[in-house]
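For chain R, the structure is supplied; the task is to place chain Y on it using the hints.
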Amino acid sequence: MKSKPIVLRIEPFVVRLDTCIAPVAEVVSSLYSGYEFIEEASTVFVDFYIKIAPVSYLRGYYRPQVQCFIDGKAPFKPLPISQAYPFFEWSLNWVVASYVHHYLLVHAAVLEKNGQALILCGVPGAGKSTLCAALMHSGWRLFSDEMAVIDLHTNELMPFVRPISLKNQAIDLMRQFAPNAVLGPSFFDTSKGTVAHMQPTQDSVLRKSIRASAKWIVFPKYQKDADTSLHAIPKSQTVIKLTKNAFNANVLGGKGFKNLCALVEGSDCYEFEYSELQEAVNLFADLSS
Amino acid sequence: MALFCTFPEVFTHRFNDELLAYSPLTGETIVLSDFAADIFERLLSKQMNFPDLLSAVKPAQYGDVDIELSLRNTLNELGRRGFIASSK
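Sequence lines, in order, name chains R and Y. So that you can map any letter, position 216 of the first sequence is 216 in UniProt numbering, and since no number is skipped, the others follow by simple counting. So that you can map any letter, position 63 of the second sequence is 63 in UniProt numbering, and since no number is skipped, the others follow by simple counting.
In short, the hints are calculated from the structure, not lab data. Incorrect hints may appear among the rest.
As the list claims (entries may be wrong) - No more than 27 Å apart at the CA atoms, straight line, and that leaves these computed lysine-lysine pairs for DSSO-like: (1) R:K235 <-> R:K113; (2) R:K258 <-> R:K113; (3) R:K244 <-> R:K167; (4) R:K244 <-> R:K255; (5) Y:K46 <-> R:K258; (6) Y:K46 <-> R:K255.
Note that this is a predicted model, so its numbers are computed, not measured.
In isolation and in its complexed conformation, chain R is listed as follows (with noise of 0.2 Å):
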């Protein structure tokens, strides 16, 4: 039987998922919910189509895999069907970083409070998700665990709020540190290790229209056992770092160059290196303030 299509307004995209592995679809519908999902799919331009499906008859057998198509043709080698939520999320970020060059995306988690937004800009593994996350459950609110999505005419942060993706020990510690958060299954053995999704706080989804502009840039580092430290970095470092995080700067040419330099004019910027996720919490708390 031909499942429906879950068309879903995640701001300021519409993204319609085919996919008859129902745990997929159960997995959305959760970390999801609060969402507008759209019954009638004709009625919205559809900004991605994505399909996960398994891959052929045999591998429905030994050891089945699913395959993610993206406006039909499969840019990805295939997964386990274990990993079919988290190839999801993946092709997501992807087909975004690839396609979307109306708006300026740098890799870098945003968040804001009273109006004024902090980037986390940073390298894969430097506790940008985690840090994100804790915040997120500490009276700030999420706009995007995975890229910062820029008006290029207004140079304001708008929100892309998405489940957060936590890896490895960061899921358990955040269970510790946010008990009433919501997380979905743990993903196991994926290219990143142990995978869970943490569902975006009510406030984040109920605002999800509301921009805002960059106030902080700051450049985070986990690093075992050091001291929660701070510090001022130059403008002109910070443009360059960011370019270098920036999906589509190149596309964007001297536009993107002038966004990012007047992004960076009206922000303060710093490096952040932490150890203890309460300290770095409260740093953030002392400097929001």
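What follows is chain Y alone, placed relative to chain R:
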């Protein structure tokens, strides 16, 4: 004599004392040293040849350096990275 000029569509931004430049030719963003910024800003305002640039740069400002060699290296590097161009 070869004339030097900034490459078309190069973008710059100044943060206090530091000049940042972006080249659409190479897609590279760089922070210019004081000396390179001095040269680059002169070329932004007008095309200049090597002797004119050399006489425009004041040695006293840059201490005990070989200005001619520094200028030659700076022009080569800015050209290689797509920030300036020169006529034959």
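Hints, verified against the model:
Distance restraint check for K235 of chain R and K113 of chain R: the Cα-Cα separation of roughly 22 Å lies within the 27 Å cut-off, and the hinted pair is therefore satisfied. A C-alpha spacing of about 25 Å is found between K258 of chain R and K113 of chain R, which places the hinted pair at or below 27 Å, so the restraint holds. Restraint check for K244 of chain R and K167 of chain R: the C-alpha separation of about 23 Å stays at or below 27 Å, so the hint holds. At roughly 16 Å between alpha-carbon atoms, K244 of chain R and K255 of chain R fall within 27 Å of each other, so this suggested pair holds.
Pair hint K46 of chain Y plus K258 of chain R holds up; C-alpha atoms about 23 Å apart against a cutoff of 27 Å. A distance of roughly 24 Å separates the Cα atoms of K46 of chain Y and K255 of chain R; the hinted pair therefore holds under the 27 Å criterion.
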